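2 protein chains.
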Amino acid sequence: MSKLLIVGTVAFDAIETPFGKTDKILGGAATYIGLSSSQFNIDNAIVSVVGDDFPDEHLSLLTKKGINIEGIEIVKGGKTFFWSGKYHNDLNSRDTLETQLNVLADFNPVVPKDYLDADIVMLGNLHPLVQLSVLEQIKKPKLTVLDTMNFWMDNALDDLLKVIAKVDVITINDEEARQLTGEHSLLKSARKIAKMGPKYVVIKKGEHGALLFHKDQIFFAPALPLEEVFDPTGAGDTFAGGFTGYLTQNQDISFENMKNAVIYGSNLASFCVEKFGTERMENLSKDEIDSRLQEFKSLTQFDIELRPTKAL
Amino acid sequence: MSKLLIVGTVAFDAIETPFGKTDKILGGAATYIGLSSSQFNIDNAIVSVVGDDFPDEHLSLLTKKGINIEGIEIVKGGKTFFWSGKYHNDLNSRDTLETQLNVLADFNPVVPKDYLDADIVMLGNLHPLVQLSVLEQIKKPKLTVLDTMNFWMDNALDDLLKVIAKVDVITINDEEARQLTGEHSLLKSARKIAKMGPKYVVIKKGEHGALLFHKDQIFFAPALPLEEVFDPTGAGDTFAGGFTGYLTQNQDISFENMKNAVIYGSNLASFCVEKFGTERMENLSKDEIDSRLQEFKSLTQFDIELRPTKAL
Numbered sequence: 001m002s003k004l005l006i007v008g009t010v011a012f013d014a015i016e017t018p019f020g021k022t023d024k025i026l027g028g029a030a031t032y033i034g035l036s037s038s039q040f041n042i043d044n045a046i047v048s049v050v051g052d053d054f055p056d057e058h059l060s061l062l063t064k065k066g067i068n069i070e071g072i073e074i075v076k077g078g079k080t081f082f083w084s085g086k087y088h089n090d091l092n093s094r095d096t097l098e099t100q101l102n103v104l105a106d107f108n109p110v111v112p113k114d115y116l117d118a119d120i121v122m123l124g125n126l127h128p129l130v131q132l133s134v135l136e137q138i139k140k141p142k143l144t145v146l147d148t149m150n151f152w153m154d155n156a157l158d159d160l161l162k163v164i165a166k167v168d169v170i171t172i173n174d175e176e177a178r179q180l181t182g183e184h185s186l187l188k189s190a191r192k193i194a195k196m197g198p199k200y201v202v203i204k205k206g207e208h209g210a211l212l213f214h215k216d217q218i219f220f221a222p223a224l225p226l227e228e229v230f231d232p233t234g235a236g237d238t239f240a241g242g243f244t245g246y247l248t249q250n251q252d253i254s255f256e257n258m259k260n261a262v263i264y265g266s267n268l269a270s271f272c273v274e275k276f277g278t279e280r281m282e283n284l285s286k287d288e289i290d291s292r293l294q295e296f297k298s299l300t301q302f303d304i305e306l307r308p309t310k311a312l
Numbered sequence: 001m002s003k004l005l006i007v008g009t010v011a012f013d014a015i016e017t018p019f020g021k022t023d024k025i026l027g028g029a030a031t032y033i034g035l036s037s038s039q040f041n042i043d044n045a046i047v048s049v050v051g052d053d054f055p056d057e058h059l060s061l062l063t064k065k066g067i068n069i070e071g072i073e074i075v076k077g078g079k080t081f082f083w084s085g086k087y088h089n090d091l092n093s094r095d096t097l098e099t100q101l102n103v104l105a106d107f108n109p110v111v112p113k114d115y116l117d118a119d120i121v122m123l124g125n126l127h128p129l130v131q132l133s134v135l136e137q138i139k140k141p142k143l144t145v146l147d148t149m150n151f152w153m154d155n156a157l158d159d160l161l162k163v164i165a166k167v168d169v170i171t172i173n174d175e176e177a178r179q180l181t182g183e184h185s186l187l188k189s190a191r192k193i194a195k196m197g198p199k200y201v202v203i204k205k206g207e208h209g210a211l212l213f214h215k216d217q218i219f220f221a222p223a224l225p226l227e228e229v230f231d232p233t234g235a236g237d238t239f240a241g242g243f244t245g246y247l248t249q250n251q252d253i254s255f256e257n258m259k260n261a262v263i264y265g266s267n268l269a270s271f272c273v274e275k276f277g278t279e280r281m282e283n284l285s286k287d288e289i290d291s292r293l294q295e296f297k298s299l300t301q302f303d304i305e306l307r308p309t310k311a312l
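If you read the sequences in order, they're chains A and B.
Okay, so the first sequence: first residue is 1 according to the working numbering, each after it adds one.
Okay, so the second sequence: first residue is 1 according to the working numbering, each after it adds one.
This is chain A alone, in the form it adopts within the complex (with noise of 0.2 Å):
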């Protein structure tokens, strides 16, 4: 099987919403894409950190994925990641109430030996220079896709303008692509993320679907229209992972192919908001999937002849 290396962070996350709130849960970037990108026929291995308070049923469940967890480093005594954040009413917007960066302060990243030969690489939230530190320790994938967030931009804009530089996917949300670019326009943005390096670039736009952009060519998948969300967390990255899933299982990374990849990380995105946490996508069967690309499918297609037919 084809073999998809993930990046990012494991952590504990503390979620509120309209709907409710949780205390400290399973949660980090890493974590999302393994669980989406297990979807599929591949093996894929998570290189990340955690303390010694990290609880073995969170790394067993990781496990019973199958997922390879041997490149997340336990850190005797430290402390795991922890996010806190509230959202808005909209669940458009949200306020972080709290970043422990804890082990994650000096990470540094070791990628399995049976994982440096990975067909691709998917380099999850991070400080770009442990991003940048996987890219050198493997040898050439077929794909390298790079996710990342407002606060590099703020903190370590020149390291990850280096990491824009190297990959071939970025996935990033559209206020991100804005801030990055300063242009409104998502596509003129898109261009000029383009010139930085990646020759494709998604844009994100949470409830309003997601955009690919390669060369003059672009494609748009919806997000599916439901009837609530209850916790966004995680959803760019269950994107990324039903993404990068997709291409690592069937390895043809073209364009007509890479929309259907979009479309399947937002089919996979859909049911993580469906929950709070990874609550969801611990328990999502395939044929669940199967009937929701049906959903995308009538959502979306449709059969207009060139010319409209005759007046009657």
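It is worth saying that the hints were derived from the structure and are not from the lab.
There may be inaccurate statements among the hints.
No copy is singled out in the list; a pair is fine if it fits within one copy or between any two copies.
[Unchecked claim] Here are the simulated lysine to aspartate or glutamate pairs, EDC-like style, with alpha carbons at most 16 Å apart:
#: 1; residue 1: LYS188; residue 2: ASP90
#: 2; residue 1: LYS64; residue 2: ASP43
#: 3; residue 1: LYS86; residue 2: GLU256
#: 4; residue 1: LYS199; residue 2: ASP168
#: 5; residue 1: LYS142; residue 2: ASP252
#: 6; residue 1: LYS79; residue 2: GLU279
#: 7; residue 1: LYS139; residue 2: GLU175
#: 8; residue 1: LYS140; residue 2: ASP114
#: 9; residue 1: LYS24; residue 2: ASP53
#: 10; residue 1: LYS192; residue 2: ASP216
Owing to the predicted nature of the structure, the values given are computational and were not obtained by experimental measurement.
For chain A, the structure is supplied; the task is to place chain B on it using the hints.
For chain B alone, kept in the frame of chain A given last:
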């Protein structure tokens, strides 16, 4: 040819966007709906009212586009409806600077005899009692479509609910749908609106596209990603004109064909916003629309087998 009857404002607009400012220019819901629907092989007519301050050149523009204007009453000594507004920097919201109802205040619409048997009736934004009066005059059309605004929810809700109960399709923007139903989820919101009467609910999300709801079916058309949106004025009405113009032309009001109508509505609206006011719609060719239809196809159409291809 099939007939489309349009009711709505024919007006003066003064518009300010981050890109510039206009004096009093041609505007109004029925104007945009008329220009947009004129792109199809149909007979269309506008029912509206203006003052004798309304320039002949505006009326002859409508006539030149093939629009029947018998139903546009010209009130001697009256002043034409005037609206002025200023868009915020993101162009997603605007402040109304001034509204002068003028001749609209006492408007009693009279449907031209030749359009009493219109195939489709498009009730553009106007007082709901005016919209109701038009419905009472006409014979049973194949389809009635209503557009409205939050202004009438605030000021004439009972009358608005009466007209909503009588139409087949409603087009409404996302914030207005939320205001009308008290539901944040657009899916829940559409269901509540459908219970008020319309079998089809179209929710317009501006730059984020449009959703069509019918029973348990949903279809989504994105807005085309543009380099720059110069002026969103009239985009919703242009959408409605494309939607009803297409349906009138091919007389197929199935859900499948209504999907196509939503695509044509989005197609035409994507031109409207490229220049100030009606300018782009006055000079738009069928070839440009056909070519943009191809863009909509490549933007949204994909080809996934139900089961992802096997791992290599």
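Structure-based check of all given hints:
1. For the identical chains of this complex, LYS188 and ASP90 are inter-copy neighbours only, at 15 Å across copies versus 27 Å inside a copy, given an alpha-carbon limit of 16 Å.
2. Proximity of LYS64 and ASP43 under a CA criterion of 16 Å is satisfied intra-copy only: 13 Å inside one chain copy versus 65 Å between copies.
3. Taking the shortest Cα distances, LYS86 and GLU256 never come within 16 Å of each other, neither inside one copy (38 Å) nor across copies (41 Å).
4. For the identical chains of this complex, LYS199 and ASP168 are intra-copy neighbours only, at 5 Å inside a copy versus 46 Å across copies, given an alpha-carbon limit of 16 Å.
5. Proximity of LYS142 to ASP252 under the C-alpha cut-off of 16 Å is restricted to the intra-copy arrangement: shortest distance 10 Å within a copy versus 48 Å between copies.
6. When the C-alpha separation of LYS79 and GLU279 is checked against a cutoff of 16 Å, the pair qualifies neither within a copy, at 23 Å, nor between copies, at 62 Å.
7. Taking CA atoms no more than 16 Å apart as the test, LYS139 paired with GLU175 passes in neither setting, with 33 Å inside one copy and 50 Å between copies.
8. For the identical chains of this complex, LYS140 and ASP114 are intra-copy neighbours only, at 14 Å inside a copy versus 72 Å across copies, given an alpha-carbon limit of 16 Å.
9. In this homomeric assembly, LYS24 and ASP53 come within 16 Å of each other (Cα to Cα) only inside a single copy, at 12 Å, whereas the closest approach across copies is 68 Å.
10. Taking the shortest Cα distances, LYS192 and ASP216 sit within 16 Å of each other inside one copy (13 Å), while across copies they are farther apart (41 Å).
When each numbered hint is compared with the structure, violations occur for hints 3, 6, 7.
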